[in-house]
Each structure stands twice: as structure tokens, then as C-alpha cells.
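Asks: Below are the chains, spelled out letter by letter.
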Amino acid sequence: MNTNLDDFEKDLQALRRRELPAAWRDELLPALKPTTRTPRWLLAGWSAAWAAILMMYFTTPAEPAAPPSTAHETPTLRWEERAALIANLLASN
Amino acid sequence: MRPVRETPYRMPATPTLPELYDAHAAGLFHYFTSFTGGEADAKDLLQELFIKLDRQSIPVGVLNLRAWLLRLAHHHAIDWLRKHRVRRRAEEETPPEIFAAQEDPDQAELAKRLTQALAGLPLEQRSVAQLKLWDGLTFEEIAEVQGIPLNTAASRYRYALEKLRTELRPLYDELKPS
Chain L
24 MNTNLDDFEK
34 DLQALRRREL
44 PAAWRDELLP
54 ALKPTTRTPR
64 WLLAGWSAAW
74 AAILMMYFTT
84 PAEPAAPPST
94 AHETPTLRWE
104 ERAALIANLL
114 ASN
Chain D
13 MRPVRETPYR
23 MPATPTLPEL
33 YDAHAAGLFH
43 YFTSFTGGEA
53 DAKDLLQELF
63 IKLDRQSIPV
73 GVLNLRAWLL
83 RLAHHHAIDW
93 LRKHRVRRRA
103 EEETPPEIFA
113 AQEDPDQAEL
123 AKRLTQALAG
133 LPLEQRSVAQ
143 LKLWDGLTFE
153 EIAEVQGIPL
163 NTAASRYRYA
173 LEKLRTELRP
183 LYDELKPS
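Protein chains in written order, with my numbering: chain L, 24 to 116; chain D, 13 to 190.
Check the hints yourself; a few may be wrong.
Stated by the list, open to error - In silico lysine-lysine, DSSO-like type, Cα no more than 27 Å apart, as pairs:
| id | chain 1 | residue 1 | chain 2 | residue 2 |
| --- | --- | --- | --- | --- |
| 1 | D | K124 | D | K64 |
| 2 | D | K175 | D | K124 |
| 3 | D | K124 | D | K55 |
| 4 | D | K95 | L | K33 |
| 5 | D | K64 | D | K95 |
| 6 | D | K64 | L | K33 |
| 7 | D | K175 | D | K188 |
| 8 | L | K33 | D | K175 |
None of these hints come from the bench; they were simulated from the model.
Excised from the complex, chain D in its bound form (with noise of 0.2 Å):
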């Protein structure tokens, strides 16, 4: 298994859980709600994320902490799915709510048109797609987190990219006139 790209970024010292909390909670929650399609489901799997962290060390050696946070979280995801799967798929017709709200309508209606186009994809590129446009992954990284061969990761976020932009083209060039 190859080691978590470096990136310039290095924790100083071990954080404490309140430290790890703030920086990165909110990408594992958006995170684990592309597994549950739920906030209730993904706030539990937080919850038990941290419960974890609590009992066991960081590894010394990790240098991308936010990529080995994500490869844990992904691991609980996945046990989650085995024991849910059949839950998960009643919930997913009611997207959680992903971004912020937005002050300009335009972007809103395309924040909200992206929820629900994200939605629609499954949830190996979903959860690409959210690795790569807002948790800022590379591909190598996101190949690490969910233990899948760096072709796998890049044609996922492809598939996914397409399909978003086929679902968004309309709003997008009413938004973005050429």
C-alpha cells in the first residue's frame, strides 16, 4: 500500500480531539453523509469516528492527517453500509443538505440543483467527487482513502463530473452565458 502523499502541511505536535473536531469534522460529516444519504446516520457515524480517534494514538508517520481521518472514516462508512444497506436506500430521496447558504438566488439554485444531482450518482463517484472538489484531494490520495487503484479514482471523478454537468448544463449556462 503506498504512504499518504505529502503534503506542506504538518501537525505540530498531536492534536487533541478538540482540535481534530474543528478542523475537520465538518469534511467527515459531508463525508459520511455520501455513504448514509441521512444527516441523523452521518451525524452517528461522526460520533462514533471520534469515539474512535479518543481510544487509539495517530500513527507516528502520518503526514496528511485530513487523508487519514478520510481513509478511517471510510472504513466506518463502509461497515456501516454492510449492516444498513437496505435503510440507505429508502433515505436517499431526501438529499441532506450540503453547502451553505448562499446570499446570491443564482448560486443557491445551483447549490441546491448540485444537491440533488449529487445525489443521483452513486456513491463510488459521490463520495470521489466530494473528495476531490471540496475535501482538495488528489487523485493518489483519494486511491489511499477508499483502497482503490489511482485509475479507479480518477475515471469515478470522470463519470461523476459528466454527470453533473449534463444535470447542471441548463442552470449552469443560464448562470454562465459564454
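With the rest of the complex left out, here is chain L (with noise of 0.2 Å):
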């Protein structure tokens, strides 16, 4: 295939094109600033943590339930009893 290139492809060829306005660089460049993501390394880490505490909450055996205590119950005051109580305590002063 002739590649080559006659007078009048030369001559047309010959012309330069226009540059760009050095204003479009200024106003092009900086607008293509990456934008900051998570690096995977720290995605994965995380991601991992997490598999480790939810694999351990549901592998670990629940605690016994405690055994129900006496020694600190109050004996329930019957509402009669304190009503009198009450009474007489208003009936002192």
C-alpha cells in the first residue's frame, strides 16, 4: 500500500494544528485528584477482624446461669403494712 505522501499532503501536513489554551491544563488537572479509598490491604484486615469476633461470639458457649440468690432479698412489704406504717410515722410528728 503507498504510504507515501505527495506535494499536497506534505504542504496540508506541513500545517501546525493549535495547542490547547494552557488554561484547560490548570482547569483539567487538578479536577482529576484521586479521590482517597481504602486501601485493600486494610479492607481485607478489617474485614477479617470482623469474621474472627462474630465466628468467636457464636462458638463460644453461653455462661451458666447463675443460681438464684437468697441472701440479699428483702422481705416484700405488704401494701397494708406500709400504708400503716406510714400512718404512724405522719400520726408521730
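Reassemble the complex: the two chains are provided individually, in unrelated frames, and hints are given to aid placement.
Replies: In C-alpha cells:
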């Protein structure tokens, strides 16, 4: 295939195309500042840690329930007794 | 698909975006104008292309970076055309300036007429002519960039050149008497 240029083509080729305005470079390139992305190794570590936590949570047996304690139980006063105590207290004042 | 033809030039390392811009933005912009017919849209396409380049890395084994970038630009421009075909027709009436200001008045006139003549070409021929004459691509590279057969690239160029020759002949003969 003939790829040699004739005089006409060479004359056209000799015309320089215009350069882009310098302002475009300043306008375009700062807009391309890459957005901050979380590194992959950090995401992988984060995921692994959560997976380990969840696995431990679901595989560890629950603690046995504490036996019901009676040491700190206070007898529940009945409503009538409480009312009588209040009445005595008020009467003494 | 054939690999992009090797040229003596090879990037020493992965270029940064500013390096890519300095080396190729003007050529890419002019290629875009052959599709958009207007400067504003071509500028938008250029910006979008660089955003795309910011997000993707240059594949290993690219030997001709310019051809690779032009192929990327070509696909981007085709997508744009699909969306904006109607608007493009209206904008074609005022062709953007392609050539730098010429000191010689004859050259300035030639540049002006050539800009008009290029605007009058069908898109397929105009873009091939630009790639051949001012981007310095071979027909093999043009075929690769545009995804067309080699013979199609060559015949589009031949048709484009004949039209330009016819359009510019009076002025050209005047400037270059044989």
C-alpha cells in the first residue's frame, strides 16, 4: 500500500494544529485528583477481624446461669403494712 | 484483532496524567472535534477521557501509547455521537479552529480554507484524514484505532484527500504555481 505523501499532502501536514489553551491544563488536571480510597489491605484486615469476632461470638458456649441467690432478698412489705407504717410516722409528727 | 503496530517510541514507565496530558491532549482534542464539530463538546470529551484514564491503568504491552489513547478516544467519541447525533448537525455549521495562527498570510488562508473543507467532509473521512496527516498514524494503526479494515481506512483517506484537493485546488494552485 502506497503510504508516501505527495507535495499536497506534505503541505497540508506542514500546517501546525493549534495548541490547547494553557488554562485548560490548570482547569482539567486538578479536577483529576484521585479520590481517597481505602487501601485493599486495610479492607481485607478489617473484614478478617470482624469475621473472627463473629465466629468467636457464635462458637463460644454461653456462660451457665447463676443460681438464684437469696442472700440479698428483702421481704416485700405488703401494701397494708406499708400504709400503716406511713400512718404511724405521720401521727408521731 | 491485530495488535497495535510497534513504533520506535516507547514510554519508559507508566506516565502520569500530567505527562499524558502534555504529550497527547492536543491530538486527542482535535480528534474529538472531528466528531463533535464544536469546541465545547470536544473539551468535555477530553476531560471525560482523562477522568477515565485516572481510573484505569494502561495495559501492559501497549507499544504505541498514542494509538492506544486514540482508540480509547474513538470509542468514547462514538458513545457521545450515539447520544448527541442531532445536536452535532447544528454545530457542524461553525467549524472550530484546528490550526495554529499562521504568520504567512497565504498559509493562514490555506489553513482557513482547509478547516472549512475538513468540516465539509463526512465524519469517517475527516477523522481518518486527521489521524493520517496530523497524528502521523499508519493505515494499520488507523484501522486498529477505528476498528475498521485496513482497506477501508486507506480508501476513506483517499476519498478525503481527493475532496480536499478539489476544494483547495484554486487556492493551492495560486500559492504553488507549477
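Asks: Each hint needs a verdict: does it hold in this structure or not?
Replies: So, going through the hints one by one against the coordinates:
1. K124/D x K64/D: violated, 33 Å
2. K175/D x K124/D: holds, 16 Å
3. K124/D x K55/D: holds, 21 Å
4. K95/D x K33/L: violated, 36 Å
5. K64/D x K95/D: holds, 18 Å
6. K64/D x K33/L: Between K64/D and K33/L the Cα gap is close to 35 Å, so the pair fails against 27 Å, i.e. violated.
7. K175/D x K188/D: Cα-Cα ~18 Å, so holds.
8. K33/L x K175/D: Cα-Cα ~16 Å, so holds.
Comparing the model with each earlier hint shows violations of hints 1, 4 and 6; every other hint is respected.
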